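Engineer: Work out the full structure, taking the sequences as your base and the hints as a guide.
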Amino acid sequence: MEALVASAVGIMTAAGIYLILRLRTFPVVLGMAMLSYAVNIFLFATGRLAVNLPPILGHAGAETAGYTDPIPQALVLTAIVISFGMTAVVVMLSLGAFIEAGDDRIDLGPEEKK
Amino acid sequence: MDHWIVAPVVLPAFLAPLIVLWMRFDLRSQRVFSVAGMTALVALAIALAVSASTNGPEVYRLGNWEAPFGIVLVLDRLSALMLLLTSVLGLAVVLYSIGSGWDKRGWHFHSLMQFQMMGINGAFLTGDAFNLFVFFEVLLIASYGLMIHSGGEARLKAGVQYVVYNLAGSTLFLFALGTIYSVTGTLNMADLAQKVAVMPASETGLLRVGAGLLMLVFAVKAALVPFQFWLPATYTNAPGPVAALFAIMTKVGVYAIVRIYTLVFPAGGTIGWLAQEVLLPAAAISLIIGMIGVLGARDMGRTVAYSVIGSVGTMMLAFAQFTEGATGAGLYYMVHSTLAAAALFLIVDLVRERRGAAGLAITPVPPIRNAGLIAGMFFAGAIAMAGMPPLSGFIGKLMILDATRGQWWLWGVVLVTSLIAIVGFGRAGSTVFWKAHAAAGDQPEPTKDASSPGLAFTATGGLIAGLVALTVFAGPTTAWLNATAQQLYTPSAYIDAVMVGAYERAWAATSGHEDSHADEPAESHAPAEDHGTDAPAEPASGY
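Quick note, the sequences are listed as chains P and E, same order. Each residue of the first sequence is one higher than the one before, counting from 1 in the UniProt record's numbering. Each residue of the second sequence is one higher than the one before, counting from 1 in the UniProt record's numbering.
It cannot be assumed that every hint is accurate.
Stated by the list, open to error - Pulled a few chain E residues facing chain P out of the computed Cβ check, cut under 10 angstroms:
(1) 148
(2) 171
(3) 455
Derived from the structure by calculation, the hints contain no laboratory data. All figures in this text were calculated on a predicted structure; none of them were measured in a lab. Yeah, the Cβ is synthetic: ideal placement off N, Cα and C, and Gly gets one too.
Structural biologist: See below:
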């Protein structure tokens with residue numbers, strides 16, 4: 001499972017980086033989404049991978065079969081919410097730029113290249 | 001001062017939705033509440049600074065959860081300094097935007113300003129690395145709105161670049177935090193500092209990766225080379241007052257570098273001299289590129305934007321020494337350069353408003369309205385930014401040179417780039433303001449003027465007055481800033497304030513709870529809901 005999760009993070013990061021280096025906003029937005037998926041899975045895995053274990057400790061002194069770290073789950077929840085909001089912002093912003101400029105090129109016009 | 005520490009975050013957090021929901025169509029009350037909020041923030045920041053300079057670091061536990069389990073806000077001298085700088089800048093920017101009418105040219109300017117203040121204040125106060133990420137996102141999302149305020153093709157395109165660059169930075173931030181968490185199991189800065197300090201050197205491979213990634217993230221925010229590409233287009237295309245407010249945004253990155261790399265990863269500690277080895281060359285190259293940019297820019301906005309890159313490089317030269325004296329000098333230069341950059345952005349906006357179609361290009365056009373006053377203010381701002389006597393830039397650079405005595409190549413870099421900046425600012429100012437008289441007569445004088453330029457001039461003049469005050473009271477200011485640097489290099493006070501007794505209090509609260517269940521052992525395997533509903537009451541019972 002480690003290999004699966006690690007390669008998923010790696011492949012999505014690679015795809016994301018490739019896409020955000022494109023010159024059109026649409027692939028860039030997709031790339032940002034890819035990168036945020038990758039980082040969310042990565043954050044989730046930072047508490048070590050565990051299957052079928054609850055994210056809570058038993059009461060003190062009680063025997064527990066083990067537990068999985070709850071903090072990364074809380075962190076990833078925050079990160080998902082933020083990246084979702086940010087994706088919405090960047091979509092609206094690129095739409096605005098597309099409507100104003102008539103094309104979705106990400107670089108600035110020739111008058112800015114000075 | 002118990003609960004006042006959280007006020008700089010809570011006050012704008014309440015004001016912003018109030019402005020959006022209650023007075024959406026009433027610009028006058030928006031302005032009144034916005035200015036009142038900013039004034040209250042200045043008063044709060046002064047009170048907190050007074051408190052921080054008499055007491056040691058003070059801790060505010062959100063929800064009364066103990067440190068490594070809950071989030072803490074920590075007020076020390078550095079946080080108080082940054083809060084004060086932010087609120088003064090915020091007040092000047094709001095006054096300018098009212099005076100110049102910028103707040104009428106789009107929706108929700110004042111509420112976005114309040115959200116922006118909330119994010120910046122939170123980032124300066126928080127004592128938790130993940131919470132730092134959250135406040136970074138709050139300030140960034142507000143800045144996205146402010147950046148594209150009043151729209152326009154070039155502004156929206158530059159806005160997309162700015163947003164994408166910062167989103168990539170945020171992703172990197174999460175990767176860095178995840179890596180550090182996977183090694184240490186905590187993200188509270190004081191707890192991290194304790195855990196990192198006792199980590200055997202053979203185990204620190206991943207930690208070094210995390211620390212290095214974190215440095216990259218903060219370098220993106222601070223616009224250090226090689227991550228400075230987003231800055232010129234963003235600052236030039238942002239509305240003038242917003243660009244002035246963004247002068248504090250690069251300092252958020254600088255603050256984070258200073259905080260993390262004195263507290264969690266001190267130089268010569270577990271991760272060795274990694275930070276210094278990376279920072280010093282990056283700072284020197286930023287300084288060189290920034291000042292060459294000042295000379296090479298073809299419009300005034302870019303002149304000032306590149307000078308911001310150069311000034312970040314200058315202050316990082318001081319911070320990268322990781323000594324008390326150099327940090328004190330760097331802090332002085334940071335305060336100075338924030339005020340100077342903000343004043344210059346406001347002056348540039350005054351020029352843009354009055355030149356009409358010519359925009360900001362450094363070409364002679366007929367004299368603008370109020371040319372004498374604006375030229376005078378630009379002269380003062382440029383002198384401060386380039387670091388010539390008599391203003392505070394000179395004192396700041398002198399202190400940095402003094403602190404880097406012995407590293408002669410740094411002296412060479414600072415002095416030569418200062419000369420380049422003087423030539424660059426001199427060329428821009430003389431072409432725009434003085435050659436204008438030679439070009440006069442071709443065109444009628446532009447009649448378009450801002451709604452109440454008096455307030456706009458007052459705000460700009462106020463920032464320059466701040467620079468003069470910083471020069472006149474350089475002695476007491478430096479003494480206070482040196483004490484701040486001293487506090488930064490004795491991190492044990494910060495760590496003790498957060499961590500001493502935290503586990504005991506948390507344990508006392510938990511065991512008190514467990515005792516109540518002790519007589520019914522069947523409950524010890526209680527389901528999660530039981531724990532969840534009781535949990536928030538636990539820490540309170542420990543007091």
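Engineer: Next step is simple, just say for each hint if it's right about the structure.
Structural biologist: Verification of the hints:
Given hint, residue 148/E at the interface with chain P, holds; its Cβ is 7 angstroms from that chain's nearest Cβ, closer than 10 angstroms. A hinted interface residue such as residue 171/E counts as satisfied when its beta carbon comes closer than 10 angstroms to some beta carbon of chain P; here the least separation is about 5 angstroms, so the hint holds. Annotation: residue 455/E was flagged as interfacial toward chain P, and the flag is violated, the nearest CB pair being 30 angstroms apart, outside 10 angstroms.
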